[in-house]
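Participant: Each chain, written out:
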Amino acid sequence: MLIFERSRPGRRAAAQRLHLEGRIDLPARFLRHGDPPLPEVSELEAVRHYTRLSQLNYSVDTQFYPLGSCTMKYNPRVCHQTAQLEGFLQRHPLAPAASGQGVLSCLYELQEMLKEVTGMKGVSLTPMAGAQGEFAGLAMIHAYHQARGDHNRVEILTPGSAHGTNPATAGMCGFSVREILTQPDGDVDLDALKALVGPKTAALMLTNPSTLGVFERKVEKMARIVHEAGGLLYYDGANLNAIAGRTRPGDMGFDAIHVNVHKTLATPHGGGGPGAGPVGVSERLIPYLPTPVVVYETGSYRLQGGDLRPDSIGPLSAFMGNVGVLLRAYLYLRMIGEEGLRRVSRFAVLNANYLAARLAGEGFQLAFPQRRATHEFIVTLQRESKEYGVSALDFAKRLLDYGFYAPTIYFPQMVPECLLIEPTETESKEELDRFVEAMAAIRREAAEHPEVLRTAPHRLPVRRLDETLAARKPELIWKPGGGSAG
Amino acid sequence: MPYIPHTPEDLKAMLKVIGIPEAKALFDEIPDSLLLPKGALQLPAPLNEMEGARLMRERAALDKPLVCFIGAGAYDHHIPAPVWEIAGRGEFLTSYTPYQAEASQGTLQVLFEFQTMIAGLTGLDASNASLYDGASALGEAVLMAVRANEPAGVRRVLLPSTVHPTYRRVVRTVTRQQGIELVELPFCSDTGQIPLEALERWSQEHFSALVIPQPNFFGVLEEVDQLTDWTHKHRGLVIGVVNPVSLALLRPPGEWGSRGADIACGEGQPLGIPLSSGGPYFGFLACRQPLIRQMPGRIVGRTLERAELGGEHPKAGFTLTLQAREQHIRRAKATSNICSNQGLMTIAAALHMTLMGPKGLREAALACHANTLSLVQRLKRIPGVRQRFASPFFHEAALELPLPVETVLTALTERGVAGGFALGADYPGLDSCLLVCATERRTEGEMEAYAAHLDEILTARGGCAPC
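If you read the protein sequences in the order shown, they are chains A and B. Our numbering puts the first residue of the first sequence at 1, with every later residue one more than the last. Our numbering puts the first residue of the second sequence at 1, with every later residue one more than the last.
Any given hint could be a false lead.
Said to hold, decoys possible - Simulated pairs of lysine-lysine, BS3-like, Cα-Cα distance not exceeding 25 angstroms:
id, chain 1, residue 1, chain 2, residue 2
1, A, K218, B, K315
2, A, K121, B, K315
3, A, K121, A, K218
4, B, K64, A, K115
5, B, K24, A, K479
6, B, K38, A, K218
7, A, K115, A, K221
8, B, K315, A, K473
No lab work stands behind these hints: they were computed from the structure. These numbers were taken from a predicted model, which means no experiment stands behind them.
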């Protein structure tokens, strides 16, 4: 039932009533006729409605959530709690810096720590998500080439396995995209790279470890090839959890990177956001960093804007990005330190390799069995699909019945019927073993009763939903008495 | 590291299953030249939870509370107690973008309700499920308008200077690489509005859209009907940048002029999101039906269980939809690169709008308006202070001061008052002007104290704090 269907004219959460003197000094032409169409319910009705809705969700707090490339690790409550201390919450973004030395000191230290963790020379915290970090990175690269009068660098090279945001960002920055081939062993084909790179190359965008769940072993050579051709290198930090504290994009030769703090740095995903995507850059891109950045001068912290950074690509947000998210990431890094960071990557990779080995032991086919898995790995259900007529989607839906959120499916697109599985370091061996048992049980079901998979899920609030219908006849808002918009 | 559950026995058993002798081998595909030795990173020593919490409390205590009279795009509203109690539940907080619809009906239904509420507030047909913030939402709205309306291949958008200055900069950041021309229109120095005369010189030119802020950055109400009709007459699209709380009181973009605005966007922060030094907030974006497939970002739709599964009476459910627009399907040809949005903030906003209800939100809007009127009346009584623009305003107003604005603001800060936003840096002609705002949270006593402080500071004429 929708909140609008619970609405009764004249009912309200009366605790929100205001004592008005009713002064209004506006000409009638500016005014709304009647009240806005919002639900009219009591406070209890609202609380109960939304509490019940929350219970329909799978989440990290309630289920194993092995969603590949999304790093659904535990989000420490202390980070969440302390980012909401009154001092932080009440401060207006345009209040004087003197009244914000607490929050600004945290942000400044986070900038410095991210430089250290990534090996980059400059950091701006303002991008509000990974994709905005990518945008900032490519916009800086664009500005760099323009400033050098290098106007013909209009191409971005990227492997076909890249996250969809990579080519989409390239498009938004006015670049065209050329896909580089990947070898059967999962590494980028260096000859293919050499053939594509040239005077039109603005940059190579690379995720390393790649979305195939393997480390690009020839990354240093790739960096050399691209740099020698006058291009720059962009690092998609989505998979940083696999290498945190072990190796750094800066040392690999990258010029710009983003960090998904909602992945590696354990801030919650909130049903799709907010995240944050700070960008780090090499020396040559520092002048172009998005504003504001936090500076420490003569004993105090403040934000530095475009007036003192004339070459900046400009601001990306009205104020300072997702500050509250950055505070959570700050405390997380302070709590784990270097040793903790190295343990994060060790146990993330351990869990992935263990899970991969166990699933292979159960007869599942790994996409890259000859490679060491990173923090995630790919199972291909091509065989199951052929033998039992069940798809990766069917498997995913059946996993929901077993109380697990589904891995990422059909991505990367180059591996047929694939599951991209990322367990993260915060899951226990017992939880991984339960997942293996569920996968094995589903495989048996696929052999004996494939229709159980094809009609899954069976135990969730709704059966499998018709996405085609949703797209063909879009109903995007509720209307009294039914009907649709779209 | 406090959040890893493995015992030494687990580690040993798991390495055995993997078939490697020691954990080091987990990284054997990373070239030696790139591997860092232990201790190579200079990071502060780790803290336990007690120490970490203490550190954060110490830092938060440095951020001393000021009585807030600043608006300028972020507003100090009351947030009903249940909003974050419920939005902060782990089931909402720690879930991902709802790719598996059946296991995400909670988030999806709230987003669908949120879309309905935003469409209702703006008077438009559809809304997406959030963008990053108000400024980036305007950036996306501009890109959307250019995609939808590119007359004779001209990519030009009219962007009045009464739009929030940082929003304009953000629009520039995100449109610069795509060869979109942004035309800045001047404001009328007397009214603080977009003058129709400034538009006339564009009546013979091609352009994609006009951006109309309501209220505008000075708090002033624009003549939205005339501006909308003029734009439509010259085949442009109308993008409204609106304050969502004001929409409980003001005419929604969908009813501007004879045809209504085509797109509306804005900052969602006033709907239940704490100020928190600037974020996380969320942007909203709504539009007319023909533009739906040009919208960026996640969109939730209502659908049914698949016919072959649901039987005779399939249940309704919610799912992400129109995904063919999005980066993970469309890649380089997507409407936007946006992936993560501000989901949790929209859940809080849906709760906020529900708890406020039509009456509560309207009362909040009225109280903001009445408080700001009252504040302006008080401050105008101080010699040398005058209201800068002779136009109706919603809940912000520009005042002209007889002393340098920065001096006054510093003196007010020392008295515990965040006195407003200095307009001079963004508007060279308004060097002596201060933008003030009094939301429903400001009390008579606080406004009286503000007036007394300002009077004292201006009378002292030196502007220095009392020693």
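Participant: Let me make sure I understand: some of the numbered hints might not hold for this structure. Which ones are they, in numerical order?
Facilitator: 1, 2, 4, 5
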